Amino acid sequence: MTTRAQGSAAAIGLADLPLRPELVGEEPYGAPQLDVPVLLNVNENPYAPSDRVRAEIATAAAEAATVMNRYPDREARALRSRLARYLGHGLTADNIWAANGSNEVMTHLLQAFAGPDRSLLTFGPTYSMYPEYARNTHTRFVVEPRADDFTLDPDRVVAAVTRHQPDVVVVTTPNNPTGTVTGLDTIRTLLDVAPGIVVIDEAYQEFVTPGLPTALELLGDYPRLVVSRTMSKAFAFAGGRLGYLAAAPAIVDACRIVRLPYHLSGITQAVASVALDNAPEMMAHVAELRAARDDLVDWLREQGLPVVPTQANFVLFGAFADRHEVWSQLLADGVLIRETGPAGMLRVSVGTPAEMAAFKAALLRVLANEEMSR
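Residues are numbered in our numbering as their position in the sequence shown, beginning at 1, plus a constant of 65.
There may be inaccurate statements among the hints.
Said to hold, decoys possible - Below, a list of computed lysine to aspartate or glutamate pairs in the EDC-like style, where the Cα atoms sit at most 20 Å apart:
1) 425 with 398
2) 425 with 367
3) 425 with 404
Stated by the list, open to error - Simulated DEER-style distance windows between Cβ atoms:
4) 346 with 127: 15 to 23 Å
5) 314 with 430: 51 to 59 Å
6) 393 with 322: 41 to 49 Å
7) 210 with 366: 22 to 30 Å
8) 430 with 346: 31 to 39 Å
9) 85 with 419: 40 to 48 Å
10) 356 with 285: 32 to 40 Å
11) 85 with 132: 33 to 41 Å
12) 91 with 275: 56 to 64 Å
13) 344 with 417: 16 to 24 Å
Please keep in mind that the hints were generated in silico from the structure rather than gathered at the bench.
In this text the structure is predicted, and so the values were computed from the model without any measurement.
Glycine is no exception: its CB is placed at the ideal position from the N, C-alpha and C atoms.
Let the sequences and hints guide you as you build the complete structure.
See below:
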């Protein structure tokens, strides 16, 4: 009897399960994770923490392990205080919420403010996880197009909000996958007309040219504004899985209502605190990556390729008649980039000088074949 039951379980597929109807035919989200020499597809900081910081992280993890038999601080107060100090702008722990990546932060927001009979509005092309957040929280997903140059202007956001009256609006700046930024004038206009919560996703904000504004400057004037950030990009902490938001304390309380108990492990809180205590060193290569980004934009244009102006640590370029073939040829050369965004375009993350050299050499070999070029 046991053998028969095990055999039946092994043979079952998704089609045999009572899956929610909107999940039928869906595939799990995820960029390719392939073992190749040059990884330039998920916008990570390519520089690992220093030996000294790694040693501090190991010590903090070991200390956290001594009380692994106890639940962690479910409010993560010490970590949230560190995040508030890092952001500045007069913020305190009461203004900060943290979770396992900005993905979970966004899920908490939609669980609290969206859901059945409610809607999320965003502007495409943009981050490909937004429709999945909406689907998973039974939220109606609405996407309006950006301008031809992938920017947003006040008239466009007013028209979209007036048309849809969304419960949640999400604007990513710098936008993924385009790298374009949205100015504070447009964000202010959006906040003035939006009937619900406005989320400004600043996952790549540390990569923008110094002096450009952040939506954090508007928090004091707009109680329904949320600014989302992550430690996965500039902070060289993608493996730590720590995202966070800054908002009015009432919005933080709403996230506390829907979070799962003890959602941030003691290890995560401990090692993220070490990373924050070493913020200047963790982000020591950000200026170098900005410069490499700008050099890459210039180089791609010199090859005759259209390039979208970017303030992130990636570049969207093209356009190719068969982008998958270009992607495949680069992969065959040991270089992994991303097929994403508008038709025909590809996105490449900024890497180390050696990685950039490998990418350029591989792309030149692809471009030498005229059938693969525009």
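Verification of the supplied hints:
Simply put, residue 425 and residue 398 have alpha-carbon atoms about 11 Å apart, close enough for the 20 Å limit, and the pair holds. Between the alpha carbons of residue 425 and residue 367 the distance comes to roughly 12 Å, so the proposed pair stays at or under 20 Å and holds. As the CA atoms of residue 425 and residue 404 are separated by approximately 17 Å, the hinted pair is consistent with the 20 Å bound. In this structure the supplied range 15 to 23 Å holds for residue 346 paired with residue 127, their Cβ-Cβ distance being about 21 Å.
The beta-carbon spacing between residue 314 and residue 430, approximately 55 Å, falls within the hinted interval of 51 to 59 Å. Our hint of 41 to 49 Å for residue 393 and residue 322 holds, since their Cβ atoms are close to 46 Å apart. Remark: the range hint 22 to 30 Å for residue 210 to residue 366 is upheld by a beta-carbon distance near 25 Å. Here the CB-CB span from residue 430 to residue 346 is close to 37 Å, well matched to the stated 31 to 39 Å.
Checked against the hint of 40 to 48 Å, the pair residue 85 and residue 419 passes, with Cβ atoms roughly 46 Å apart. Evaluation of the 32 to 40 Å hint for residue 356 and residue 285 yields a pass: the beta carbon distance comes to about 33 Å. At about 39 Å, the beta-carbon gap between residue 85 and residue 132 stays in the expected band of 33 to 41 Å. In this structure, residue 91 and residue 275 break the distance hint of 56 to 64 Å, their C-beta atoms being roughly 41 Å apart.
For the hinted restraint 16 to 24 Å between residue 344 and residue 417, the CB-CB distance of approximately 21 Å keeps it satisfied.
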